Each structure stands twice: as structure tokens, then as C-alpha cells.
Amino acid sequence: MLAGKYATQAEREHVRIVYGLDKPYYVQYANFLTNAVKGNFGKSYISQVDALDTILERFPATFELALSAIFISITGGVLLGVVVSIKPHGILSRLIMAGSLGGISIPTFFMGILWVMVFAVYLEWLPAFGRGDTVQLGSWRTGFLTLDGLKHFIMPALTLSGYQLAVLLRLTRAGMREVLSEEYIKTAWAKGLSPFKVIIKHALRNVLIPVVTIAGLSFGELIAFSIVTESIFQWPGMGNLLLISIFENDHPVIVTYIMLAAFIILSINIVVDMLYALLNPKIRYD
Amino acid sequence: MIRIFKKSHHLNSFVNDPPALIGAVLIVVFVFCALFASVLAPMDPYDLTRVDLGNALMAPAWMDSGSLAFPLGTDDQGRGILSTILYGLRTSLLVGFTVVIVSSIIGIVLGMIGGYYGGLLDTVIMRSADTVFSFSTTLLAILLLGIFESRNIWTVVFAICIAGWVKYARTIRGSVLEVKENAYVTAAKACGAKDFRILFKHILPNAMPPIFVLMAVDMAVVIMLEATLSFLGVGVPITEPSLGMMISIGKNYIYAGMWWMVLFPGMTLILMVVAINLFSDWFRDEMNPRLSQRS
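Listed in order, the protein sequences are those of chains V and L. If you count by my numbering, then the first sequence holds residues 1118 to 1403, one letter each, in order. If you count by my numbering, then the second sequence holds residues 805 to 1099, one letter each, in order.
Treat the hints as calculated values from the structure; they're not laboratory data. Just so you know, these numbers come straight off a predicted model, no measurement behind them. Fair warning: there could be bad hints in the mix.
Said to hold, decoys possible - For lysine to any residue, the following SDA-like pairs were computed, each having C-alpha atoms within a straight-line distance of at most 20 Å:
| hint | chain 1 | residue 1 | chain 2 | residue 2 |
| --- | --- | --- | --- | --- |
| 1 | L | K1055 | V | A1237 |
| 2 | L | K1055 | V | F1364 |
| 3 | L | K1055 | V | G1247 |
| 4 | V | K1160 | V | S1185 |
| 5 | V | K1140 | V | G1159 |
| 6 | L | K1055 | V | L1288 |
| 7 | V | K1303 | V | F1364 |
| 8 | V | K1318 | V | L1288 |
| 9 | V | K1314 | V | I1302 |
| 10 | L | K1055 | V | F1246 |
| 11 | L | K1055 | V | F1236 |
| 12 | L | K1055 | V | P1244 |
Claimed, not checked - Which chain V residues face chain L? A few, computed with CB under 8 Å, are given here:
| hint | residue |
| --- | --- |
| 13 | I1223 |
| 14 | P1224 |
| 15 | N1386 |
| 16 | V1389 |
We put the beta carbon where it would ideally sit given N, CA and C, even for glycine.
Put together the whole structure using the sequences plus the hints.
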């Protein structure tokens, strides 16, 4: 297959030998492992370029998208969750809660298409494809520095953050409602502290631990939905590359992507563990 | 059985909870549509002799270029949107039911073994569960399907099960750890009951309520996941009807103003997910004795 449809038998044999596909599976696996430890994940079957380089070249696009999505979902989720918990029966709160139900029930890919239909097709306000103008900073290509690049961020970032924002909002609300009825909060009110201090310093701090846990644990989910988002908006990131590689059976790239995803998830879990210690003085890793 | 249910407080709280009632009615309608898709649908969209490319890209019936033969319009192959949705519901619900049942059985068995026997077995099971969990169901399913050479509805079920058993295993393991300290389990052991009997007759029934709730919630999640996978092109093949696939095809035509290819299947999907969520919200409160006593 790699040699092309019309390759002769000899050409096919040659390709098998070049890629080591003629050896038994366990030998192939051992070869892969020894090379992987050295940071060599093989070459892409399609482009003949080093698989890791191919993916890392796409990394900045995905990273910037994920970063803006995390930022939106955590600040938005916590902020709206606090607003909702302060006045649970207000009209604004009810609207926000209804919106969050939508955020949970509408699949990410459909939400993305709805954004495109409204803001790109009918209103024609925002661009729906690609990253727009980017600026090259050393080996990092960023879309944060140009107006056009920022415009291209809005819809993909909102799409990617939508589900998590709704989940964090509901989590913050549930936590806040529990904490706000605790004795120490009543004490804080009785002391005459300002509402800001009571809510942000005394209540929110105790709510943040489960919020950070969930945000950290759902990082795998974030990577998964970055694939979906990138496919909708033709974002030139790693997820889009993965889908293309799947259709072309480009195994080295798929495997490298899996290894990289595992590495990122592992690192995030460690960071979340360290964040616990910052948020809760009771937890110390000695 | 029905008489017991009628007398119980469950029915009462169910009738007095409009969202749950609406959810249940919608679920029944969806299941009915899926079961009788071949009767209800105006045409079989996957019967090649009935599909005519000349009918491609038609608008819904109430618009100028629409025709009554295709109430919700047609897609790029001339398949009726309404018919394809009905057949797609079949795929969604089939995948949903199968995955929920198979992955809950895998999870229950592994979780019970781990919780009951403990030790190395428990460590191995729970560590692999942690690994799967941190990858997240969606990512793992995409990656697994990416590795498969050919894909059909059963590879999709397989991939989601491999990625989805973890929450069942964790839940049941927690319950087993709690339940196995109870006096009646010790009594059963003292009577010389076999491990198998203790696990399935004494422990499992007491650990089931949270699992039922999880199954109800998971159903909505799995249906969304199947649609997502099919949308990405790693789910069911093009030759099978699927809501996700319909949306992915329709996506290419939204710039031409052909919204019906995307909106109708999308709305169906959302309605189905919302219905299941409404029902499982009620179900969760009902299964939690602490909550129902309070209200």
C-alpha cells in the first residue's frame, strides 16, 4: 500500500524492508521501543519527514488554542458559578443555568457548527477557517499578536471551552452553595467583612480544590475535543494532523501523537498535584 | 411488579415531576421511531435503487423548492433527511444500549474482583483504570479507532467499551469495599458460601443503585460520543446511517445556505440527549434515599 497502487512485487518488498515491516512483530516492537527511548519515533509514511518533528511543528497552534480555551472555561466557569450562587433565584442566574444545561447537552462538534452558521455564514463577523495571520517568534508561530489572528481565535476557543465551562460552572455553584451555609461563613459575615472578602477569600478558596481537580482531570477530554474543534475550523494543529494521518494510515504519526498526548496528560496531572498544595495548606508533599 | 410500582412513592414522584415525565415520553417516542424506522420512514435512504441523485440538495417541504416527498429536504446524495434521521436514531440507540450494557458488565466484574479480593489483582485493575481514565473516554476511543484498519458499528462499540468501563469499575469497587464489611456478608462467609455466591447474591444487589444511575447518565454520553466519532470520520462507515455522519456531510453545505442538512439531525441529537438527561436527573434523586427523605 505504501509503495503505491501500481508498484511491482519487487518495489513492495523493498518498501517492507526499508521500514522494517518484514521482521516479526516482536522485533518491530523492540526496535520501536529502543528508538522511542532515544526520541526517535520513526518517519511519516506519507511525507517521509520525522514523525515527531511533523507533530511538534503543529504544536504551537494546538497549544495556543487549548490555552485560550482553558483560560475561558476556568475564569468564565468560576465567575459565573459565583454569580449564580450569590443570587440563586434571580433571572440572570436562571438564564445562566439554562445556558449551562445547553453547554452540557449540545455536543461540541454541533456547537462549533452553530457558531459558524451564526457568526460566519449569516452575520459574516468572524472568519471560520484557519489561524489567519501569524507571527514567527523563533521556532514558535503565534496567532496572539495580530488582530486577524485573534479574530480567528474567538470561535474555536469558545467551542473548545463550552462544555468545560458549563461543567465548572455547575461544580462551582454546587460547591459555593454548600460552603456558603457553613458556620465559618456566617462568622465572617457577622464579623462585618466586606461581601467581596467573604465570598472570594473565605468561600471560593475552599471550592477551588474540586474545580482544579476536575479541570486537571478533564485535560484528556480537552485534547480529545481539540481534535474535534480543529477539524471543524480547519485549525492547522496536531488534532487535524492526527485525523489526516488516520485516513492515510500513517501509523508512525498516529503512534507519536499517542505518546505525546500521554506525556502531556502525565505532566498536567503532576502540575495539578502541585496546585493542591498551593490551594490547601493541609496538603504537603515531603 | 407493576402493582408494586403503582403503590410505591416512585410513581407518585414521577408524575409530579414534569421534566422527568417529558424526558420519559420523548425517550419512548425516540425508541419507537428507531424500532419502526423502516415503516415510518418515507423511504429507505440506504436502498440504492430508491435513491436518486436528481433529488439531491432539496429544501424542506414548506420552502419554495421543497417537495412533499421529502418533508425535511434531502442531502447531497438525494436521501431524505427525515428518513436518514429515523435510520440514524437506530444506530445511535443501538450503540448506546450495547455500549452501556457491555461496558457496565466489564466494569462491574473487574470492579467487584478488585474490591473483594484486593491485593495485587486490585492494584493491577485500578492502575489500568487510572490510565484509561486520565486519557478520557473520547480521546481513547478516537485513538483506538484510529489504529483499526477497517471500521464498522461493532468496532465503534468495542472502542467505546474499552474506554468506558472505568467509571463502572470505580463505582462498584467503592460500594463493594463498603458493603463487604457488613455483618450479613460475614454471616454468609461463616455459612460457607462460595465467593461467587457472596459476590453476586449478597454484595451486587446492594451495590447496584448507583450503577443504574450511572448507566442512565452514560447512555446520553455514549450517544453523543458515537455522533462525535462519526462526525470525525472514525465512527460508523459512510454506508451506515448516523446522525454524526449526516452533520459532517451537511457541514460542507452550510455556506450555500443549506441549513437543513445540519440543523435537523443536530436538533434530534440534542433532544435525545436532553430527554435522557431529564430522566436521569429524576432517577438519580429517586435512587438516593437520603435525598428523597429530605424532600
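Hint-by-hint comparison with the structure:
As the CA atoms of L:K1055 and V:A1237 are separated by approximately 13 Å, the hinted pair is consistent with the 20 Å bound. Proposed proximity of L:K1055 and V:F1364 is supported: the alpha carbons are some 19 Å apart, at most 20 Å. For a cut-off of 20 Å, the pair hint linking L:K1055 to V:G1247 stands: about 16 Å separates their Cα positions. Restraint check for V:K1160 and V:S1185: not satisfied, since their Cα atoms lie roughly 31 Å apart, outside the 20 Å limit.
Note on V:K1140 and V:G1159: the hinted pairing holds, with a Cα-Cα distance of about 16 Å set against a maximum of 20 Å. At roughly 33 Å between alpha-carbon atoms, L:K1055 and V:L1288 are farther apart than 20 Å, so this suggested pair is violated. A threshold of 20 Å between alpha carbons decides the hint, and for V:K1303 with V:F1364 the separation of about 59 Å lies outside it, so the pair is violated. Of the pairs offered as hints, the one joining V:K1318 and V:L1288 holds, with about 18 Å between alpha carbons and a cut-off of 20 Å not exceeded.
Our distance criterion of 20 Å between C-alpha atoms is met by V:K1314 and V:I1302, whose separation comes to about 11 Å. Of the pairs offered as hints, the one joining L:K1055 and V:F1246 holds, with about 13 Å between alpha carbons and a cut-off of 20 Å not exceeded. In summary, the hint linking L:K1055 to V:F1236 is supported, as the alpha carbons are separated by about 15 Å, within the 20 Å threshold. Proposed proximity of L:K1055 and V:P1244 is supported: the alpha carbons are some 15 Å apart, at most 20 Å.
For V:I1223, the interface hint holds, the least distance from its beta-carbon to any beta-carbon of chain L being 6 Å, beneath 8 Å. Using the Cβ-Cβ criterion of 8 Å, the hint placing V:P1224 at the interface with chain L is satisfied: the shortest such distance is roughly 5 Å. Hint status for V:N1386 relative to chain L: holds, with the closest Cβ pair at about 6 Å, below 8 Å. Taking 8 Å as the C-beta cut-off, the interface hint given for V:V1389 is violated, the closest approach to chain L being about 10 Å.
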